[in-house]
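S.K.: Using the sequences and the hints given, assemble the complete structure.
There are 2 protein chains.
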Amino acid sequence: MGGPEIERLIELLARLPGLGPRSARRAALTLLRQPRTRLLPLATAMEQAANSVRTCDACGNLDSRNPCSICADEHRDHSMVCVVEGVGDLWALERAGVHRGLYHVLGGTLSALGGTGPEDLSTAPLLARLAGGEVREVILALGATVEGATTAHWLAERLASFGIAITRVAQGVPMGGALDVLDDGTLAAALMARRS
Amino acid sequence: MGGPEIERLIELLARLPGLGPRSARRAALTLLRQPRTRLLPLATAMEQAANSVRTCDACGNLDSRNPCSICADEHRDHSMVCVVEGVGDLWALERAGVHRGLYHVLGGTLSALGGTGPEDLSTAPLLARLAGGEVREVILALGATVEGATTAHWLAERLASFGIAITRVAQGVPMGGALDVLDDGTLAAALMARRS
Ligand SMILES: [Zn+2]
Ligand SMILES: [Zn+2]
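Chains as they are written, first to last, in the UniProt record's numbering: chain Y, 1 to 196; chain U, 1 to 196.
Source of the hints: derived by calculation from the structure; they are not laboratory data. Ideal Cβ positions, reconstructed from N, Cα and C, are used throughout, including at glycine. Hints may be right or wrong, so weigh each one.
One-sided and incomplete, this derived list gives chain U residues near chain Y with beta-carbon spacing under 7 Å [to be verified]:
hint	residue
1	Glu5
2	Arg8
3	Leu29
4	Pro35
5	Leu39
6	Leu40
7	Leu42
8	Ala43
9	Gln48
10	Ala49
11	Leu62
M.R.: Shown next as structure tokens:
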């Protein structure tokens, strides 16, 4: 239609979540019409992100610093660790501003159907952090799905030996609901009403 | 949340048509999780498109060749020129495979409200092509909007002196409808039933 470069751009854009073939074409067109002011800046932003963003060794967050800016922040409460399924959940909680402690990103939930076992989840950095002795409470902020509940139960058992409070966000997370689509108020309520 | 690189990436993605802030974050996350296999290839595709894609001097199409691959195609019917508002319409007609001639991209429609006057539309390359003497029919494939109708009328008058057939796609384009959201069958019917 306009050479292999355009086809390739549309093809890769169409693979983004939220963009189908039609909106990928519209996005490509918008970018191609302003190559210097829109296309190249986005290309540069992607390259810089690819070259700088790493997974935090301490918590699993994505950041251009390692340890990430949350782990490195002395003003945050290092005695509380909120365990989430993915970085998207961490972002949602940060946007809501409802958790002033640290995070741990599991990288998924246990799922027999999805073939996700304990070995596929990141727990070693969390255990290492707990072994450090500074943490007094672990908040399990997993989705209110069967997998989320299974994972929370499994993790609570694994952490029991540390003798610290293990709480779980409860009220406000709708059944079957993922965390990162909730509004700030719901997230705040869920975190406030957490239970052991 | 994860450093300025991530913020910038999300901000630029959110400006794409079809992506709001929420889907921009989801898209950024998907890309950041696979920097080498997803983020860098997209960055490269964007850079290559920005460096290679130009506006065709002859018709206004976007292509890595100039004249574009349509204008340069000897197997297409160079005696028919289909006038469209934008490159998105050209793409829609090409996907439908209903026009075997050439195109001319106006770059907009006349709009008093939008402040688009005759001087904002690209007509010089079309006039130059018509002066060449090879074109026997100009098909006006503008949207069935007030602006599309006004523009078609204005253009038909400007082209009258060339003494060639000026037709207009009619049947099948719904009132108020833009061309590039129509299905292939509708586009084919509209083009077949064009009228002078
Ligand atoms: Zn961290
Ligand atoms: Zn061309």
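S.K.: I'd like to know which numbered hints this structure contradicts. Please list them from smallest to largest.
M.R.: Those not satisfied: there are none.
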